[in-house]
Structures are given as C-alpha cells and as structure tokens.
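Undergrad: Here the protein sequences come in this chain order: S and P.
When we follow full-length UniProt numbering, the leftmost residue of the first sequence carries the number 1, and every step to the right adds one.
When we follow full-length UniProt numbering, the leftmost residue of the second sequence carries the number 1, and every step to the right adds one.
Do not rely on the hints blindly, as some may be mistaken.
Result set (PhoX-like, lysine-lysine): computed pairs, CA atoms no more than 25 Å apart in a straight line [to be verified]: (1) Lys58/S <-> Lys116/P; (2) Lys106/P <-> Lys106/S; (3) Lys249/S <-> Lys116/P.
Calculated from the structure, these hints are not laboratory results.
In this text, all values refer to a predicted model and were calculated from it rather than measured experimentally.
Protein chains: 2
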Amino acid sequence: MKTKTIITVVLVGLILVVASCKEKTKQVQKEVTKAIIYPSDVIPFMDEWKILCGDGTKSDSLVNFSKENFFYVENDGETDWVVYKTPNSGVTSRTSSNTRTELGQKAHWIPETGGKLTGTLKVMHVSTTGDAKVSSSYSTVIGQIHSDEGHENEPLKIFYKKFPDHEKGSVFWNYEINTAGDNSGRWDFSTAVWGYDFSNVGTSATSYPKEPEDGIALGEEFSYEVNVFEGMMYLTFKSKGHETVRFEKSLLKSDFSKKADVPEQILNTYYLRGRDGVERDTAYAGEVQYFKQGCYNQANRKSTKSETYGGDIAKQYANGSFAEVWFKEATVGAATSPNND
Amino acid sequence: MKTKTIITVVLVGLILVVASCKEKTKQVQKEVTKAIIYPSDVIPFMDEWKILCGDGTKSDSLVNFSKENFFYVENDGETDWVVYKTPNSGVTSRTSSNTRTELGQKAHWIPETGGKLTGTLKVMHVSTTGDAKVSSSYSTVIGQIHSDEGHENEPLKIFYKKFPDHEKGSVFWNYEINTAGDNSGRWDFSTAVWGYDFSNVGTSATSYPKEPEDGIALGEEFSYEVNVFEGMMYLTFKSKGHETVRFEKSLLKSDFSKKADVPEQILNTYYLRGRDGVERDTAYAGEVQYFKQGCYNQANRKSTKSETYGGDIAKQYANGSFAEVWFKEATVGAATSPNND
C-alpha cells in the first residue's frame with residue numbers, strides 16, 4: 001500500500017511536469033521551425049540599405065529579404081554569416097562594368113557631417129582567372145565611400161586581392177582623387193594594410209609577385225572601421241594575429257592638388273597611360289556621399305581578362321569565376337569623435 | 001521486485017524531466033525578473049541619439065538608460081510609452097532659457113542629403129501658469145530640426161500648446177528664418193495644424209482666446225512625419241478623428257528674403273518689437289542640421305512668467321509647472337522620396 005501511494009504521487013508529479021514541459025518544448029520548436037534565416041536576422045541594420053545583386057536583382061527593402069546564390073545566410077558551424085556572392089559576368093550598375101552583390105546606404109551625407117561604417121568579415125573566394133599585370137585582377141571591393149554628385153568618384157574603396165597560386169592575399173584601400181576639371185585624368189592612390197597595395201602586379205599575364213608576408217588567407221577573419229568625423233576619414237583595420245593598422249586622411253583638403261604632389265606610385269602607373277590629373281583643392285568637401293558594403297567583384301572579361309563562360313552564372317560559380325564575401329557583424333550610423341575611441 | 005523496478009524507472013524519468021525543465025524555468029525567470037523596462041526597449045532607435053534632461057543630466061549612450069522623473073517608461077494599461085518630462089525651471093542648454101528632456105540626433109546632415117523623423121505621441125501636460133499674451137506660454141516643443149552652424153537657428157519646431165481653461169489645445173509648427181546678416185532680426189513664421197498657430201494669444205495676461213475647434217486634448221494621440229528630401233521639407237500630421245494635414249517647404253530657397261515677402265503675421269508681432277529681419281536667399285542650403293525629439297518646455301519664469309517655485313522640481317511637478325510628453329513609436333533615418341509615400 002505504501003509503495004502504491006508513492007508510485008501514484010510520483011506518476012502525478014511526472015505527468016504535471018511533462019505537461020508543463022511540453023508547452024515549453026512546443027514554443028522552442030516553433031522558433032526552430034521558422035523556415036529561413038534572413039540576412040536581416042544576422043545583421044540588424046538592413047533597413048538602412050538597398051541592394052544590387054550580381055544578376056541585376058534590386059531591392060530597397062532588405063528586412064526579411066534574401067536572394068539565392070547572391071545574398072543569403074550561411075552557418076560555418078559556429079556563426080551565422082551574411083553571404084555576398086557575385087560572378088565575374090552578370091548584370092552591372094550604370095557606372096561600372098563589374099558585377100556586385102553590394103549594399104548601398106539610403107542615408108546620404110557630406111564629409112563635414114560624416115558617418116561611420118564597420119564590418120567584420122572573411123573573404124571566401126576571389127576570381128582565380130585574370131591578367132596578373134592588371135591591378136584589379138583577382139580582387140573584390142568589400143567597403144566603399146561613394147560620391148553621389150560631381151564625378152561620382154570614390155574617396156574610399158577597401159580591397160581584398162589574392163593571386164591564384166598564393167595562400168595569402170592582401171588588404172589595401174584606394175583613395176580616388178576628386179579630379180580637378182575633366183575626370184578622364186582620375187586615378188586611385190593605394191595604401192597597403194596587410195600585404196601589397198593595388199600597384200603591385202605581375203610582370204606578365206601569368207607571373208605573380210612573391211606571396212605577401214603578413215597577408216590574409218581566404219576564410220581568415222578581419223574587420224574594418226570607417227569613421228568620417230568633421231571631414232577627416234579615420235580608418236582602422238584589425239585581425240587576430242596581425243598588427244592593427246590605422247590611417248587618417250582629410251576629405252576637405254587635397255594632398256594631390258599640384259603636379260608636384262602626385263605620388264611616385266601614380267607617376268609609374270596611371271601617368272604612363274595618360275591618366276595624369278590632379279585633385280581639386282577642396283577634395284570632396286561639401287559633396288554628397290554614401291557608404292557601400294558587400295562584394296563588388298573587380299574581375300571581368302574586358303579589363304582583367306577573367307573567365308566568364310559566356311556569362312553563364314552556374315558555370316562561373318562552378319569554376320572559380322566569382323567573388324564571395326561573408327560578413328558576421330556590421331554597423332552604420334553617425335560619426336564618432338576619434339578622441340572617444 | 002517488479003514494483004520496485006517501475007518505481008526506479010519512474011523516478012529516474014522524473015529526475016531527468018525535472019532537471020531539464022528546471023533549466024528552462026530558470027531561463028524564463030531570468031527574463032521576467034529583468035527589473036526595469038528602458039526607453040530603448042520601447043523605441044529601439046535610442047542608439048541614434050543623445051539626451052539632455054531637465055535637471056541637466058546628459059548621456060550619449062541611451063541603450064538601457066533611463067532617468068527617474070525625466071526619461072522613463074510608463075504603461076497606460078495597453079501600451080508602453082517613453083516619457084519625456086521636464087519642469088518650468090531646471091538646468092538648460094547653452095543656447096536656451098527653457099528646460100528640456102529631449103533627444104538630439106547624433107548623425108548630422110544638410111538639407112540636400114536630408115533625413116526623416118517620425119513620432120507617435122500624446123502630450124500629457126503643459127505648464128498651467130504663464131502670461132497669456134506671450135506666444136510660448138503653456139506650450140512645449142515635441143520635435144525639431146536644429147541647425148548646428150551659422151546662427152544655429154531652427155528650420156522646424158513642432159509645438160503643442162493648450163491654454164489653462166481649455167480642454168483642447170493646438171498643434172502648430174514654426175519655421176525660423178535663417179536671418180540675412182545679424183540674427184537679432186530673426187523671427188518664427190507659424191502655421192496651424194489643428195487649432196491655432198503661435199501668434200494667437202490672449203488680450204491680457206489672464207484672458208484666453210476661445211477654445212479652438214478641432215483641437216487636440218491632453219492624452220489624445222497624434223503623429224508627425226518630417227521628411228527632408230533633396231532640400232524640400234515634407235510634413236505630415238495625423239490623428240484619429242482629425243483631418244490629415246500635409247505641408248511642403250523648401251529649405252534651399254527662401255520665401256522671406258525681401259521685406260515685401262514678410263507675412264502679415266510677422267509684421268503684426270515681431271516687427272512691432274523691432275525683430276524686423278529678412279532671410280538669406282538660400283535659406284538653410286548647405287547648413288548642417290540635426291533632429292530633436294522629446295519635450296522642450298517653452299514655459300519659464302522670465303519670458304512666459306510661469307510659476308517655478310524657486311526652481312524646486314518636486315514642487316513644480318506637484319503644482320502643474322512642467323511639461324510631459326509620451327511617445328510610443330518613433331523612427332529616424334534616411335529621407336524617402338515623397339512620390340513613394
């Protein structure tokens with residue numbers, strides 16, 4: 001009798017516990033069965049952006065939006081990442097012959113009011129084909145400041161580039177002059193962060209410089225911060241096991257307004273091809289800008305002579321003719337005083 | 001023997017279930033016992049702002065921030081609201097003799113790049129004392145565009161004002177000219193949304209105009225949208241049971257640049273007191289601006305002759321010498337094309 005009582009009590013207790021537990025389990029399952037994780041679930045700033053994908057897909061409402069094969073979420077076993085992927089040949093924007101799966105900031109600003117963009121990412125792939133003598137071969141742009149008036153030039157492009165035979169690639173950033181007068185004389189001044197800058201190219205179409213020391217491998221995580229505060233652009237690059245690197249550049253006062261100011265790097269490259277401009281004195285002062293972030297593939301058929309398989313995207317993806325970048329964290333917003341860092 | 005086995009199985013089962021359930025219960029309790037709901041839990045845009053409270057409290061990190069008696073969350077039985085409350089006398093900003101519990105936008109912009117601010121609110125209280133002949137008596141400003149350079153004037157102030165004996169008050173907006181030359185000639189042109197504009201005052205310190213028809217009562221919900229797109233300011237005001245009202249005003253080209261353009265409203269008020277300026281031709285073009293939102297109390301001891309109880313905040317709160325505004329929704333961000341609305 002005593003034994004039976006115990007059993008009954010235990011059973012009732014068990015049933016109550018199981019019943020209340022079931023309720024909770026149901027809720028948990030409901031969350032799990034939410035069919036798809038969107039980029040906006042991983043990086044919550046998506047309402048601040050529009051997108052152009054490598055197949056020409058455009059959207060200006062990116063909350064709960066994804067596009068198969070171009071803009072979606074992958075999990076690497078630890079973390080959800082937003083994937084930006086785009087082939088060497090696809091549909092391009094009005095002003096470019098390069099495809100992109102890239103965000104464009106809705107809010108616009110001028111250097112004087114500024115803004116801040118951050119990103120933590122790993123580049124998973126760049127085009128494996130191209131002419132080694134061309135600076136933009138095997139590279140993709142992972143963040144930009146883009147002008148929306150005048151020449152619509154780019155005060156900042158952050159690049160990742162890796163030569164085909166190398167394990168490690170380079171991260172560098174380019175400043176495009178806001179050309180005085182005709183924009184046909186424009187050029188990009190490039191600065192290495194880790195590895196080489198843009199100007200380091202092969203001696204022939206198929207010969208590569210030696211592998212950079214302190215380079216960044218495909219799949220290796222790094223982060224950048226672009227903070228334009230009161231007209232000064234502050235850049236910070238960080239990666240575990242690498243030196244943190246910082247830069248400052250005024251967007252209000254040119255460093256390149258006289259022929260005598262033009263750097264050796266430019267005289268040895270652009271100037272030889274007749275791209276021999278100088279910059280307006282006030283650089284990008286007062287000119288409307290916006291940020292871009294994602295994967296702006298610099299490989300194409302024309303200038304880098306990269307494989308494009310007649311524009312067949314599936315074939316390009318299957319044969320290395322694409323660029324792919326994964327971001328796990330990113331922010332966009334107001335500039336911050338660099339003294340508060 | 002069989003009975004004993006059953007008991008053992010049941011007990012082991014019970015222990016396992018209880019153990020796994022306890023884990024979940026702990027998590028649930030953790031969420032519930034989160035002691036306080038912050039304004040940033042109600043309106044998620046708080047990372048875009050800093051604040052100045054009516055007692056001089058300042059903060060530029062408003063995530064999980066609240067300030068008792070000034071900036072906190074109230075529930076009206078249905079909805080959580082962010083409360084902005086401030087006395088007639090307290091600590092003021094550098095450029096004002098009025099206290100405020102008000103957000104200031106971190107990101108700055110110019111009219112050409114623009115921006116958008118929205119808010120859904122109810123005004124719960126305005127000062128019950130003051131001189132009825134003074135336009136700013138019994139009023140509070142609930143949203144602004146504020147210039148950050150030049151004269152630091154205000155292209156937009158949205159007001160709520162209610163005379164002490166009235167049940168219904170007025171919503172109106174003021175445009176302050178970006179004065180040509182010396183700013184001592186500046187003035188505000190006021191436009192009624194519902195009820196009266198700023199210029200409608202009492203004939204003596206204690207006599208009020210008749211109650212406005214179609215006014216807004218304390219506790220009555222309404223919303224505003226301020227969208228500055230390509231230099232044009234688009235205003236939309238909505239409230240259930242009231243007509244939706246829209247306005248457009250250029251911030252790039254003045255309507256008031258010649259004496260002949262000065263409106264009757266201004267000639268009959270400011271001009272009689274020697275505030276007889278005109279506006280620069282280009283209005284606020286190219287001038288850095290930011291949004292403000294909250295409660296900027298227009299009552300004070302000096303100009304509106306409102307009660308301040310020697311600056312004792314508890315006494316002011318107990319005796320109607322304060323303003324209090326509740327917001328339940330608000331957004332700030334990029335401008336949108338008015339054609340997409």
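Undergrad: Are the hints correct? Go through all of them and say.
TA: To see whether the hints hold, each was checked on the structure:
1. Lys58/S <-> Lys116/P: It holds: about 23 Å lies between the C-alpha atoms, which stays within 25 Å.
2. Lys106/P <-> Lys106/S: At roughly 17 Å apart (the allowed maximum being 25 Å), Lys106/S and Lys106/P satisfy the hint.
3. Lys249/S <-> Lys116/P: Violated - the C-alpha atoms of Lys116/P and Lys249/S are around 30 Å apart, more than 25 Å.
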